[in-house]
Structure formats: structure tokens, C-alpha cells
Amino acid sequence: MAELISLREAIAGLIHDGDRVACEGFTHLIPFAAGHEIIRQKKRDLALVRMTPDIIYDQMIGMGVARELVFSWGGNPGVGSLHRFRDAIEKDWPAPLTVNERSHADLANAYAAGASGLPFAVMRGYVGNDLPKHNREIKSLTCPFTGEVLAAVPSVRPDVAVIHAQKADCKGNVLLWGIVGVQKEAVLAAKRAIVTVEEIVDALEAPRNAVILPHWVVSAVCLVPHGARPSYAEGYYGRDNKFYSDWDDISRDRETFLAWMNRHVMSTADFADYERSLVGAQSKQVSHG
Amino acid sequence: MAEPNYSADEMMTIAAARLLKNNMVCFVGIGLPSAASNLARLTHAPDIVLIYESGTIGTKPDVLPLSIGDGELSATADTVVSVPEMFRYWLQGGRIDIGFLGAAQIDRFANINTTVIGPYAKPKVRLPGAGGAPEIAGSAGEVFIVLRQGARTFVETLDFITSAGHLDGGDARKRAGLKGKGPSVVITDLGVLKPHPETRELELVALHPGNTKEQAIAVTGWKLRIANTLETTPPPTQAELETLRALHARTARAHGNAAA
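Residue numbers (the working numbering), protein chains in the order written: chain P, 1 to 289; chain R, 1 to 260.
For the record, the hints were derived by calculation from the structure and aren't laboratory data.
Every residue gets a Cβ at the ideal spot worked out from N, C-alpha and C, and that includes glycine.
One should not assume that every hint holds.
[To be verified] Computed, partial: chain R to chain P, Cβ under 8 Å:
| no. | residue |
| --- | --- |
| 1 | 53 |
| 2 | 54 |
| 3 | 68 |
| 4 | 70 |
| 5 | 123 |
| 6 | 128 |
| 7 | 134 |
| 8 | 138 |
| 9 | 162 |
| 10 | 228 |
[Claimed, not checked] Here are a few chain R residues that sit away from chain P, every Cβ distance over 10 Å (derived from the structure):
| no. | residue |
| --- | --- |
| 11 | 10 |
| 12 | 135 |
| 13 | 148 |
| 14 | 153 |
| 15 | 169 |
| 16 | 211 |
| 17 | 222 |
| 18 | 224 |
| 19 | 227 |
| 20 | 242 |
Here chain P stands alone, though its shape is the one from the complex:
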């Protein structure tokens, strides 16, 4: 049953050290505010799951939150590498990171299997691919009806799913639209779910067949306007592409990265405070740009 609580309370109460946590969002509606709060609260030894780890996972990995990463594409879209992700994999900094690498089709199916209460997903995939040589979780089975050999992969069953959505109502029913990725599956596959939202309204007034997560499958709903920035929330704000390209310089070097994180995340009280700290930093940049 969804509780309408602060993000600080939700992360403190629902995410524990060692948990398997999926902060999902496929370019759109990425839960940045929740990721920051996980970093602020110094959660440790998390097994992070995400199809497309981008800047927020780069920040979480660089700040030592993760012991394991389950993923299928790790990069800064349109910009290049994730430097903290690469530093962890290539140089074990700040700590060794166990990599459990899959393909998109695999993880998409694995979330759907998790949401369906099944132990594994079956799909046509990985033929001629080197990943199964390095990831022993990727197996195959023979179709009992046709004899076709298919890939079998374990379902994703996170302890906690974390997503951002456009709206919730006062009861905690959640509505999202646009590119909805695997968020519904992630929430239904998880034991607990935290949803940050742009706004809380009296009634969702959603069309039939809209993507709605009923309040009774969500543990906590937290009001965090702009909580997906610098990614975007369709109907609310666009993607801050400049931040994505600026991140390349901020994150390239360990010292610069740590200084930035300490100033904007560790030294701020919440996401609104973080946004205020960025405005200050930006006006400085503009003055010498």
C-alpha cells in the first residue's frame, strides 16, 4: 500500500545495504533524485540492475554504492563513455565491481519474467555471441514442442525497484506515459517499489489502457518535482543535453568527480537544494564562457 512520504524517508526505510536495486528508466524518466538520495545516505554493497546505466549509475558507482552491476548497455548516450563505470571495471576504483552483463532483449524479458513470478525467461538470442562464455547465468534450453534451441536467462527479481513517473493521485496510484521502458515490469518484479513523481493530483483522469501502477503495488510515492533531471519527463521538461555532455568533463578525473559530487550531492539536503547549487555553478560558468 503506497505511503506518501518524503524521498529521504523512503530510501532510509526501504533500501538496505546489500539489497538488489533496480533504478529503471530508458533515457526518459530516469530517477536521478532517488539515486542522489541513495548516494547521500551512503548505502553500500548494492547489486544495481539497469538496462541502460547512464549518468546516475556512473555517480552511484563512483561514490562506492555498488558491488555488482547487472546491465545491457553502459554509456553516456550520444556523448561517449561513462568514466566512473569504466574506471570501476578497468581499474577497480573506488572498489571492484562485479559485472553481470546481458543484452537488452535478455533483460527486458528477464524483467517481464520477474513480474510474471517465473524463475527464468526464454527468448531467441545470444546465438554466435561471446557473452554466454563469460556469463554463466546465460543458458539455453530446447523447446519441448519444436526442438528449437532457445536462450534461457534468470528473471530479474530486485529487492527494490525505483522509478520516476509524471503523476500520482492522493491514494498513491501512479501514472506514466511516453517512453515507459521496463518500469512497469521492474515495479511488479520487485519486492518493494519507490516512485518519485512530478506532481500529486486529486484524480489521474487517465485514458483507458494508460500505464498505471495501482497504489497497492507501490511501497512509497514521493513528490519530487524535476526528479528525473537531467533526463526528461514528457509533458514537463526536456532532456538537458548540455548536462550530459558536461558530465564527460566532470567525471573524467577522479578528483574533479569527487569535488563535484561533494559540492552538489553530499553537501545538499535534497533534490531542490541540489538544483539550487547547480544554478549557482551555471551562472559562474556563463560569466566566463
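Please build the complex by placing chain R on the supplied structure of chain P, with the hints as guidance.
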């Protein structure tokens, strides 16, 4: 010879766009494939169906997306489906004619690597990984690949096979049980390569204007085969160039010059 009024990258994108037809359903990778696919849509193939793995079907972006899930793709799509649905019903379901991919490395049988340079456990360079590519390469009706041709990209042996091309050649794909026909063409900044009908080894079949086969041989990491009839790509038309440049200019403006 006078300097051409276009760049090698522009020729590559235009040559790639020309291969896409108006009646095709194309699953589009980000970067060069996305530029070529949208150029095709804005020139000779206005009704081509472009699909991105973020779930956007029949999308008609006015500017090129920086990421695979930009708002522009969602806002201009016929419909947006979830990512599991995209991979299950639309790709695995066999509804894609062309999978259009880029790559970091390619070998003579058009297998591609987007995972690591160096050993997997201790990579020299950690690349982004598979994304949707392995199953696009497996399940799309056929696959087009676009990448720049150079010593670091056209290699004798891949460090990692992320997505199957023609495996070790011949009918290897069929024997392995792959549904799609696999890569049917590779477009580079130098020319065009196609798999030999029997061995499935890539052969240089066309050069873009001004390039020589010696150039292509020199930058290819294996002994590059040249087709008996080597064609020359017609140079870009004024309309193609203007459309491509306007698309890049709109894109740069929209992204605050973050990408062009």
C-alpha cells in the same frame, strides 16, 4: 582533381540512406544509422517506418536524437510500446525488415564488436556493450552496417563477438539457427562491401568517388577481397547534401551544439 564539395562522412551517410526503400520497416541504431535512416525518410523514402529500441514505432523526428529515447522520438511516433514488447512482439516476432547497426569493430564475416577492446575480464577499453544489437542482428530480416573503415575498426580477429554476422562464413548462420539473413551490406566512408554469395566473406563492391581500392586494402586488417566489377558510388546530389546538412544544423541547434 577538384576537391569535392562534401565530406567522406556525408558521402557515407548518403550512400547508406540510398539503400533504404520507402516500403521498409527499419530498426534503427543510434548515431550513423539514425542519420542515414532519417535522411532516407526526408528524401526518397517518406513512408519508411523507423523503429527505435526505446519503443517508438513509426517515429518521424525533426532533429536527430542524441539518445535512443529522446522525447522527439516519442512525440513524433505512431505509437510507443514498452521495451519488453518492442523486443518480444516487434523484433523477435519477425516484423522488422532491416536492422541498421553501427559498430566499434567488424571482421571479414561482418561479425561485430561493441563490448570490449582487449580481454573481457580486464579490458583495455570497456565499450558500452550489447544493447539491442545481438537480437537485432539475429532476428531482423537483414542487417545493414555503417561504420568508418580503418585499421582499428576493420580487424582480422574481433576481441569479442557482440552480434553475429555470418559467423565463420558459408551457411554458418543457418546452421546456428539464426532466423534473419544477417548483414547484407556494409557502408563505410571509403565504399560499400557485401558478403560473397557463397563464402559470405565481405567483398569491396563499390568505392565512393575519389577513393582507391589500394586505400581500402591498406586500412583493412584482413586481406580484403575486391569484387570483379568494382562500381563507383554516384556522388551526392545537391538535394541530398542540402537535406543532410539542414538536418545536422537543426540537430545542433536543438542540442545546444552537443551533437551534430
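Hint by hint, here is what the structure shows:
Residue-level restraint check for residue 53(R) holds (minimum Cβ-Cβ distance to chain P is 6 Å; threshold 8 Å). A cut of 8 Å between beta carbons decides the hint on residue 54(R): the least distance to chain P is about 5 Å, and the hint holds. The beta carbon of residue 68(R) comes within 6 Å of a beta carbon in chain P, closer than 8 Å, and the hint placing it at the interface holds. Residue-level restraint check for residue 70(R) holds (minimum Cβ-Cβ distance to chain P is 6 Å; threshold 8 Å).
At its closest, the beta carbon of residue 123(R) sits 6 Å from a beta carbon of chain P; the interface hint therefore holds under the 8 Å criterion. Residue-level restraint check for residue 128(R) holds (minimum Cβ-Cβ distance to chain P is 4 Å; threshold 8 Å). Contact between residue 134(R) and chain P, as hinted, is supported at the beta carbon level, the nearest pair being about 5 Å apart and thus within 8 Å. Hint status for residue 138(R) relative to chain P: holds, with the closest Cβ pair at about 6 Å, below 8 Å.
The restraint placing residue 162(R) at the interface with chain P holds, with a minimum CB-CB distance near 7 Å, inside the 8 Å limit. With a least beta-carbon distance of about 29 Å to chain P, the hint placing residue 228(R) at the interface is violated under the 8 Å criterion. Distance to chain P confirms residue 10(R) as a non-interface residue, since its nearest Cβ pair spans about 19 Å, more than 10 Å. Distance check on residue 135(R): its Cβ comes as close as 4 Å (rounded) to a Cβ of chain P, failing to clear the 10 Å threshold; non-interface status is violated.
Residue placement check: residue 148(R) keeps its beta carbon more than 10 Å from all beta carbons of chain P (closest about 16 Å). No beta-carbon of chain P comes within 10 Å of the beta-carbon of residue 153(R); the shortest separation is about 16 Å. Every beta carbon of chain P lies more than 10 Å from that of residue 169(R), the smallest distance being close to 12 Å; the non-interface claim holds. The beta carbon of residue 211(R) is kept farther than 10 Å from every beta carbon of chain P, the shortest such distance being approximately 28 Å.
Look at residue 222(R): its CB is around 19 Å from the nearest CB on chain P, clear of 10 Å, so calling it non-interface holds up. The non-interface label for residue 224(R) is consistent with chain P: the shortest C-beta to C-beta separation is roughly 23 Å, beyond 10 Å. Against the 10 Å criterion, residue 227(R) stays outside the reach of chain P, whose nearest CB is about 25 Å from its own CB. Every beta carbon of chain P lies more than 10 Å from that of residue 242(R), the smallest distance being close to 24 Å; the non-interface claim holds.
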